[in-house]
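Enquirer: One line per chain: the protein sequences are A and B, in this order.
As numbered in my numbering, residues 63 to 395 make up the first sequence, in order.
As numbered in my numbering, residues 63 to 395 make up the second sequence, in order.
The hints are simulated quantities; they were obtained by calculation from the structure and are not laboratory data.
Incorrect hints may have been included.
The list treats identical chains as one, so a pair stands whether inside a single copy or across any two.
Calculated pairs, DMTMM-like style, for lysine to aspartate or glutamate (alpha carbon to alpha carbon, straight line, at most 25 Å) [claimed, not checked]:
1) K148 <-> D161
2) K279 <-> E118
3) K279 <-> E88
4) K279 <-> E80
5) K232 <-> E109
6) K232 <-> D371
7) K232 <-> D220
8) K223 <-> D362
9) K237 <-> E97
10) K279 <-> E97
11) K279 <-> E308
12) K237 <-> E163
13) K223 <-> E163
14) K223 <-> E118
15) K370 <-> E163
16) K149 <-> E277
17) K223 <-> D161
18) K370 <-> D83
19) K279 <-> D135
20) K279 <-> E85
2 protein chains.
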Amino acid sequence: MTAKVKLGITSPMAVYTEVSDNELAEFLRAFDLGEPLGFKGIAEGVENSNFFLQTERGSFILTLYEKRVRREDLPFFLSLLEHLSKKGIACSLPVRARDGEMWRELNGRPAAIMTFLPGLSPRRPDAAQCAEAGAALARLHLAGADFAMSRPNTLSIDGWKALAKQCDAKANSVKMGLGAFVAAELNTLQAHWPSGLPQGVIHADMFPDNVFFVEGKLSGIIDFYFACNDALAYDVAVCLNAWCFESDGSFNITKGRALLTAYRAIRPFTPNEVAALPWLARGAALRFLLTRLYDWINRDDSALVKPKDPIEYMTKLRFHQLANGAASYGWPA
Amino acid sequence: MTAKVKLGITSPMAVYTEVSDNELAEFLRAFDLGEPLGFKGIAEGVENSNFFLQTERGSFILTLYEKRVRREDLPFFLSLLEHLSKKGIACSLPVRARDGEMWRELNGRPAAIMTFLPGLSPRRPDAAQCAEAGAALARLHLAGADFAMSRPNTLSIDGWKALAKQCDAKANSVKMGLGAFVAAELNTLQAHWPSGLPQGVIHADMFPDNVFFVEGKLSGIIDFYFACNDALAYDVAVCLNAWCFESDGSFNITKGRALLTAYRAIRPFTPNEVAALPWLARGAALRFLLTRLYDWINRDDSALVKPKDPIEYMTKLRFHQLANGAASYGWPA
Numbered sequence: 063m064t065a066k067v068k069l070g071i072t073s074p075m076a077v078y079t080e081v082s083d084n085e086l087a088e089f090l091r092a093f094d095l096g097e098p099l100g101f102k103g104i105a106e107g108v109e110n111s112n113f114f115l116q117t118e119r120g121s122f123i124l125t126l127y128e129k130r131v132r133r134e135d136l137p138f139f140l141s142l143l144e145h146l147s148k149k150g151i152a153c154s155l156p157v158r159a160r161d162g163e164m165w166r167e168l169n170g171r172p173a174a175i176m177t178f179l180p181g182l183s184p185r186r187p188d189a190a191q192c193a194e195a196g197a198a199l200a201r202l203h204l205a206g207a208d209f210a211m212s213r214p215n216t217l218s219i220d221g222w223k224a225l226a227k228q229c230d231a232k233a234n235s236v237k238m239g240l241g242a243f244v245a246a247e248l249n250t251l252q253a254h255w256p257s258g259l260p261q262g263v264i265h266a267d268m269f270p271d272n273v274f275f276v277e278g279k280l281s282g283i284i285d286f287y288f289a290c291n292d293a294l295a296y297d298v299a300v301c302l303n304a305w306c307f308e309s310d311g312s313f314n315i316t317k318g319r320a321l322l323t324a325y326r327a328i329r330p331f332t333p334n335e336v337a338a339l340p341w342l343a344r345g346a347a348l349r350f351l352l353t354r355l356y357d358w359i360n361r362d363d364s365a366l367v368k369p370k371d372p373i374e375y376m377t378k379l380r381f382h383q384l385a386n387g388a389a390s391y392g393w394p395a
Numbered sequence: 063m064t065a066k067v068k069l070g071i072t073s074p075m076a077v078y079t080e081v082s083d084n085e086l087a088e089f090l091r092a093f094d095l096g097e098p099l100g101f102k103g104i105a106e107g108v109e110n111s112n113f114f115l116q117t118e119r120g121s122f123i124l125t126l127y128e129k130r131v132r133r134e135d136l137p138f139f140l141s142l143l144e145h146l147s148k149k150g151i152a153c154s155l156p157v158r159a160r161d162g163e164m165w166r167e168l169n170g171r172p173a174a175i176m177t178f179l180p181g182l183s184p185r186r187p188d189a190a191q192c193a194e195a196g197a198a199l200a201r202l203h204l205a206g207a208d209f210a211m212s213r214p215n216t217l218s219i220d221g222w223k224a225l226a227k228q229c230d231a232k233a234n235s236v237k238m239g240l241g242a243f244v245a246a247e248l249n250t251l252q253a254h255w256p257s258g259l260p261q262g263v264i265h266a267d268m269f270p271d272n273v274f275f276v277e278g279k280l281s282g283i284i285d286f287y288f289a290c291n292d293a294l295a296y297d298v299a300v301c302l303n304a305w306c307f308e309s310d311g312s313f314n315i316t317k318g319r320a321l322l323t324a325y326r327a328i329r330p331f332t333p334n335e336v337a338a339l340p341w342l343a344r345g346a347a348l349r350f351l352l353t354r355l356y357d358w359i360n361r362d363d364s365a366l367v368k369p370k371d372p373i374e375y376m377t378k379l380r381f382h383q384l385a386n387g388a389a390s391y392g393w394p395a
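Sequences and hints are given; from them, build the entire structure.
Expert: Printed below as a string of structure tokens:
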């Protein structure tokens with residue numbers, strides 16, 4: 063009898079597509095991984111179906127790509143992981159099938175087997191973990207410099223405009239005045255969005271739940287399915303938003319300084335990147351405000367996935383609007 | 063953006079209680095398991111929250127007991143696992159904390175760490191797997207014979223009556239005539255329910271999804287949270303219901319014979335157990351019909367857990383009503 067238990071649900075993430083023992087056995091025949099010894103759906107991630115897979119060869123993650131990840135983007139995502147992994151970045155490595163392919167069909171979806179990364183994601187990262195994240199992001203940017211493929215950032219200004227348009231009619235029902243707030247911010251960013259910054263491959267979604275730690279040291283980065291080519295400093299701005307605010311909405315400048323100091327020790331900022339930082343932080347906050355707002359408006363109350371609060375990013379965006387240059391983020395003098 | 067993905071949800075099981083990295087670290091300090099190296103919520107089971115846990119000492123399952131498992135029953139369940147494990151039954155073994163306790167509090171819930179069992183559950187068990195299940199069940203019954211604790215079966219006739227009463231007003235809205243069908247069956251079973259059968263510790267819920275296999279051999283049995291003392295042959299009847307029907311509702315007598323033959327090769331049936339088998343099968347079918355009906359009637363459409371179809375067990379019960387002795391289940395002549 064489950065009825066009473068349901069009230070306690072706090073972690074609404076789950077598996078979208080089931081895979082039976084026979085379907086898995088058939089799929090694994092294409093790989094050189096031996097017999098399956100364990101297979102469990104992971105209640106993690108809201109976009110794909112992930113399974114923890116143990117075989118005679120070790121531990122892996124089996125990912126089934128659900129609708130959000132476009133099939134035509136998989137060569138970019140999976141080749142990038144292989145490229146970064148070869149350069150020593152602690153990301154999962156796609157296991158190639160016997161025929162050399164990095165993914166195959168499983169239950170009508172593209173599916174890949176990834177190496178298992180050890181570590182736990184921090185719920186509330188401390189300053190030392192922010193520094194680890196900053197350093198890892200800089201290393202990731204350097205390692206991606208000679209990656210041959212490219213993918214545009216579909217969630218930059220043009221994508222925000224499209225999302226804002228789709229959310230406009232209902233934005234005020236989420237919070238009075240939100241529609242006008244978003245429209246005004248979009249106009250301002252359109253006029254001031256930095257150009258000419260150093261470009262490269264960015265993760266674009268390096269939130270704490272996509273980063274693993276073992277004994278305080280960063281042990282892995284996952285979920286590269288927003289990776290694309292864009293300004294490297296924009297990726298830093300995403301991390302400032304994701305790592306350096308407290309749960310009450312305040313910015314923790316000690317954490318910001320830790321992240322920025324560790325980053326620039328590995329990849330120095332150019333002067334125009336330093337100047338652009340508040341604009342990039344505003345843009346990054348608007349990006350997550352808009353995707354969360356879209357999910358909120360289009361949520362299905364009977365569905366598994368409870369959307370994240372968009373207003374959290376309205377609060378962060380307001381902080382960025384008042385920023386007084388990179389110093390507001392702890393940029394070292 | 064998750065909205066479109068939700069339509070594809072087919073596996074509505076998830077984690078009810080979240081555990082942060084810091085909460086886990088604090089909890090693990092009470093155990094001698096070393097540092098955590100991996101921690102992922104498992105989308106499995108509808109009653110408890112389960113996490114796959116890797117530490118320096120190996121792989122484990124961390125279970126948080128949600129409301130259905132009563133705190134006062136934990137000594138029975140966990141001591142039983144320890145008892146059976148010592149006797150060589152492939153079930154998970156609770157890892158004792160440094161202070162010797164088998165469970166501790168975590169986020170306001172009792173929580174235990176279990177050893178990890180290898181294997182995969184069969185979606186559609188074949189006759190060979192039914193035989194493995196029958197043999198394992200018989201071994202489990204023998205191994206439980208000298209277990210010192212006991213727990214009554216709260217889901218036997220008295221429990222069915224209570225459930226039927228709670229479902230009565232709405233049973234016909236699920237299927238016309240279901241209320242009268244249940245009432246008549248309850249009356250008949252009350253009059254004919256077998257007594258004087260060999261008793262012992264039974265699993266009481268050994269469905270295929272609670273049994274693991276590696277390369278065709280049974281490798282583990284999980285989820286002992288309905289275990290109790292009752293007629294051993296009733297446990298066999300539960301398995302006949304759970305393992306030997308096809309998805310179209312037909313009974314597969316080859317699978318039934320495989321299960322029964324393997325069972326009695328290890329623990330012979332008494333003549334009154336053979337005679338009682340159809341009644342026990344009816345009772346077992348009614349038990350799952352009623353708990354599923356209760357969950358169906360009390361379901362919360364906005365919740366994670368999609369209840370299982372109660373009518374599947376009405377169909378099975380009708381088969382048992384027409385059974386012509388144990389031979390109808392493939393009991394070997």
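Enquirer: Return the numbers of the hints above that this structure violates; sort them in rising order.
Expert: 9, 12, 13, 14, 15, 17 and 19
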